[in-house]
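*Asks:* If you want the building blocks of each chain, they are given just below.
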Amino acid sequence: MRAQLGYGLLTIGTAAAALGLVTTAAGIVRKQGRLLELGRRYVVLVLLAALGAFVVMETALFGHDFSLQYVADNVARATPGLYTFTAAWAALEGSILLWGLLLSVYVAATAWRFRRRADDPLVAWATLVQFAVLLFFFALMLFAANPFKQVSGLVPLDGRGPNPLLQNHPLVAIHPPMLYAGLVGFTIPFSFAIAALVTARFGEGWLADVRRTTLIAWGFLTAGIVLGAWWSYAVLGWGGYWGWDPVENASFLPWLTATAFIHSVMVQERRGMLRVWNLSLVLATFCLTILGTFLTRSGVVNSVHAFSQSAIGPWLLTFLGICAFTAVGLVAWRGDKLRAPGRIDSPVSREAAFLLNNLLFAGFALVVLTGTVFPLLVEALQNKQISVGQPYFERLGVPIGIALLFLMAIGPVLPWRAASGELLRSRLLIPAWAGGLTLLIAVAAGARGIANVLAFALGAFTVASIGRSATIGVRARRHVHKDEGWAHATTRTVRGNPRLYGGLLVHLGVVVIAVALATTAGWTTRRELQLNPGESATVRGHQVTFLDREVDRSPQKTTIKARVRIAGVGSFAPAISTFPNAAEGIGTPSIHTTPWRDWYLTLSSSPTSGRVTIGVQVGTMVMWLWIGGLIMVIGTAVALVPARRRRVREPEAVTAPPEDEQPVPLVEVTS
Amino acid sequence: MRLRARWIALMVGAALVAFGVLLAVQHRDEPSVPRLVQQHAAVPDFSVTSLDGKKIDAASLRGKTYVVNFFNSWCIPCHAEAPALQAFYDEHKGERDFAMLGIVRQDEADAIRGYVAAEKVTWPVALGGADQASLDFGTVGQPETFVVSPDGVMVCGRSGPSTQAALDSWLRAARTGKQCV
Amino acid sequence: MSRRSWPWVLLVAVVVVTLVVLVTRSQPSRSPRARADRIAHQLACPECDGESVADSNSVSARAIREDIPRRIAAGESDAEIREFYVSKYTEKVLRTPANSGIGLVAWAVPVAALFLGLAGVALALRRWSRTPRLPATAEDEAIVSAVRGHDR
Chain A
1 MRAQLGYGLL
11 TIGTAAAALG
21 LVTTAAGIVR
31 KQGRLLELGR
41 RYVVLVLLAA
51 LGAFVVMETA
61 LFGHDFSLQY
71 VADNVARATP
81 GLYTFTAAWA
91 ALEGSILLWG
101 LLLSVYVAAT
111 AWRFRRRADD
121 PLVAWATLVQ
131 FAVLLFFFAL
141 MLFAANPFKQ
151 VSGLVPLDGR
161 GPNPLLQNHP
171 LVAIHPPMLY
181 AGLVGFTIPF
191 SFAIAALVTA
201 RFGEGWLADV
211 RRTTLIAWGF
221 LTAGIVLGAW
231 WSYAVLGWGG
241 YWGWDPVENA
251 SFLPWLTATA
261 FIHSVMVQER
271 RGMLRVWNLS
281 LVLATFCLTI
291 LGTFLTRSGV
301 VNSVHAFSQS
311 AIGPWLLTFL
321 GICAFTAVGL
331 VAWRGDKLRA
341 PGRIDSPVSR
351 EAAFLLNNLL
361 FAGFALVVLT
371 GTVFPLLVEA
381 LQNKQISVGQ
391 PYFERLGVPI
401 GIALLFLMAI
411 GPVLPWRAAS
421 GELLRSRLLI
431 PAWAGGLTLL
441 IAVAAGARGI
451 ANVLAFALGA
461 FTVASIGRSA
471 TIGVRARRHV
481 HKDEGWAHAT
491 TRTVRGNPRL
501 YGGLLVHLGV
511 VVIAVALATT
521 AGWTTRRELQ
531 LNPGESATVR
541 GHQVTFLDRE
551 VDRSPQKTTI
561 KARVRIAGVG
571 SFAPAISTFP
581 NAAEGIGTPS
591 IHTTPWRDWY
601 LTLSSSPTSG
611 RVTIGVQVGT
621 MVMWLWIGGL
631 IMVIGTAVAL
641 VPARRRRVRE
651 PEAVTAPPED
661 EQPVPLVEVT
671 S
Chain B
1 MRLRARWIAL
11 MVGAALVAFG
21 VLLAVQHRDE
31 PSVPRLVQQH
41 AAVPDFSVTS
51 LDGKKIDAAS
61 LRGKTYVVNF
71 FNSWCIPCHA
81 EAPALQAFYD
91 EHKGERDFAM
101 LGIVRQDEAD
111 AIRGYVAAEK
121 VTWPVALGGA
131 DQASLDFGTV
141 GQPETFVVSP
151 DGVMVCGRSG
161 PSTQAALDSW
171 LRAARTGKQC
181 V
Chain C
1 MSRRSWPWVL
11 LVAVVVVTLV
21 VLVTRSQPSR
31 SPRARADRIA
41 HQLACPECDG
51 ESVADSNSVS
61 ARAIREDIPR
71 RIAAGESDAE
81 IREFYVSKYT
91 EKVLRTPANS
101 GIGLVAWAVP
111 VAALFLGLAG
121 VALALRRWSR
131 TPRLPATAED
141 EAIVSAVRGH
151 DR
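Protein sequences appear in the order of chains A, B and C.
Residues in the first sequence are numbered from 1 upward in steps of one, following our numbering.
Residues in the second sequence are numbered from 1 upward in steps of one, following our numbering.
Residues in the third sequence are numbered from 1 upward in steps of one, following our numbering.
Accuracy of the hints is not assured; some may be wrong.
Claimed, not checked - Example chain A residues on the side facing chain C (calculated, C-beta under 10 Å, incomplete):
(1) 369
(2) 390
(3) 392
(4) 407
(5) 447
These aren't lab readings, by the way, just hints derived from the structure by calculation.
Just so it is clear, CB atoms sit at the ideal spot from N, CA and C, and this is done for glycine as well.
With the hints as extra help, turn the sequences into a complete structure.
*Replies:* Rendered as structure tokens:
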């Protein structure tokens, strides 16, 4: 019953997307606004179908409708409510359904936003592209990855339950949806970029809207990546949070190109330059999300995160090919028209810093892409398997990251066009000294590791320069509005230019993460203890005692828990569980987190009696990775707040970014 | 200047085609013959201790044709191949130049004892020094089976469960110096 | 030296001296334990996806972790130790592409692209700085002052 209902809804969604596509195409060809308006309405139908299908899936999961293959594979009667709910995206078919739902929401929101401009050819073309992408993902569900497939043969009495790794941490409830909301969102900028290329409308009007959507998607993606790292740390039990695994790289790649776009789009807004480059970044970001989905879902790369693999590989590859060739073809066709007569006057200017920033982000993306696909290349050419891992990515990525940190410290204080030495000296002196002193203190305190110490120094540099910009802004406001308190003046200043201050807040989050990356990389102790019950060992001056073990047998799993006490820290219970549907035991780390120190205990071997092997890891400032991520997301939200209209005649210093505005020559003649 | 964007796009397009072909032709089949068997390497100088405390090493087995099987109690394919191993062992255990040895990979003593009892394993099973032996043989999983010829060469073997017929043919090949199938 | 530039000169001096100390101090340690740890991080666990020998809890990783110190004690060099595991487990056991043959491609492509990009940007900046902006003509000035006059 649910199978037919769900499949029916998917069919309706597919049909609506197809009709929307055809109607919009007809409207464009015949130049009829009525048809375009009609086409746009199909979005509502698609959204309702996707929403309905998702609801049907959830009722099937909660109703333990094991006549559906997906339900039988991913929940059991004993699965707790939360993991029954999250089972909707625990495997391939369900995650594509969620992908389709989120995509419909984005497309519907865009349609609403542009409701008065439906007959604008640019919007019409963008809608056309959005329908095409919707059609692809709905067709994928209908023909290759049907979430409502029925079991063949007898309906099982109970399901298999979710993958053990997906049923022991509540982060699975928010990490995948965040990640998808990020990845899916890049469809909208992609559609507008295609539309701009087709209609040859390179005016800057569409840019603002695309920038906002990109920023929303980027914020979700950032949250998704950070939550993924957190999940990895809390669940996988190897003590790390980022392994340069193909699945992680697949989400990091579009993040890098989108970050590059968010920066370089400002050069286009200000100076009308870098149009081809910006469009290429938007197009590349979308193509990279599809590439990532292909790599991780088709089984061509091995990964610890790849929970679901199936035969959708050829579908995704074909779609990727179509998207990439459309994009490259359009840029080749229109590229020359796009070229803007612009110039960068000085290497010491905001736009030059953005240019370098983009070069570094693109370079970073190339490193990640090369490392991810290189094993495929070698396997195809030489028929041997190789692996590319952390040391490769870090040797190439860390220098780029340090260079980016340096740019982040000086970039935001550089003025547009050109900076005089005098100006730079006065703006950078205090921040640069903050960095220099941090370097000195860190080295005097005995810190090792060049990249780690540089991260501290450049972090301090950046924080001081952000603090300086913010203080000047607030001071300037208080100078005019003498009656305002600091708190009020700060809020007002931020409201006056949310984009600037939101951006600075994001930078602050990046600094926090960079510092935490350095502390965790450089100041982590690991020990493996073999202890009999009652025995102790000393780690970092703390006595670690293995008290006893607890064996808990239930039909779903057998859990062996080691009770461990660490003097002065607390009690721990690292465990290993064996599930009937998984061969190897799944370890559950036991973590004690403080802002300064993390104690991370794992059970490495699990005999039911005698000696156990306990892994003890003492990490430094791990928690700040997640806090940094939170700051970045809050900063993104601030940057999305619409700016207050500038009131006429209000003094410049209050509403303008404190020192962004260099007098711009009114006459500029370029050769 | 006009041509530049076109050329870049053309180059990117060509790279994309190559990349697409690369992704499309990928087929991942795990090698089913262990690497050291492919190379016909000499058997490593391993030394293990069986569950009943006997020391078994490469030197003491020299001159025999013997089978080394890596396994553990939680591996499902190991359970699957257990009857074949049992039948194969029962068929050959009377032969003077034949030996068979099970080496445990990543498991606990009590679990292995349970497995040996449940599957009625009658050939020697080694746990002591098993991790080092697993490194010596270059194993990457379980079950993994090696057949060693009298002159100490790993002539045949397989990663993954083996059948009785395959084991028989490998033993014949190891004894006669023929190729394995 | 002008009065305004001495804080900068001092800063540069402090940073250079500190960096020299830092770089000399951060030379990788040659102690057997540090070497073993480093090699374990450079090797991929042969039976897992992506984890290093240092991180993994699998049999092969555990056995290699125990084996490395023995080889160091026997006087083998880091490269010899890595080579030994390659002979056991194929090149898949290394976590970085080789420094020769096709492995070079993985190193060269991103580095070359980055330097080409830098060179391109540097060239463009130089070209722009060589072709100065045309000075405003009297006509331009007139337009500007007219507009300015309108504004006020």
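*Asks:* Of the hints given before, which are not true for this structure?
*Replies:* Hint 4 contradicted; others consistent.
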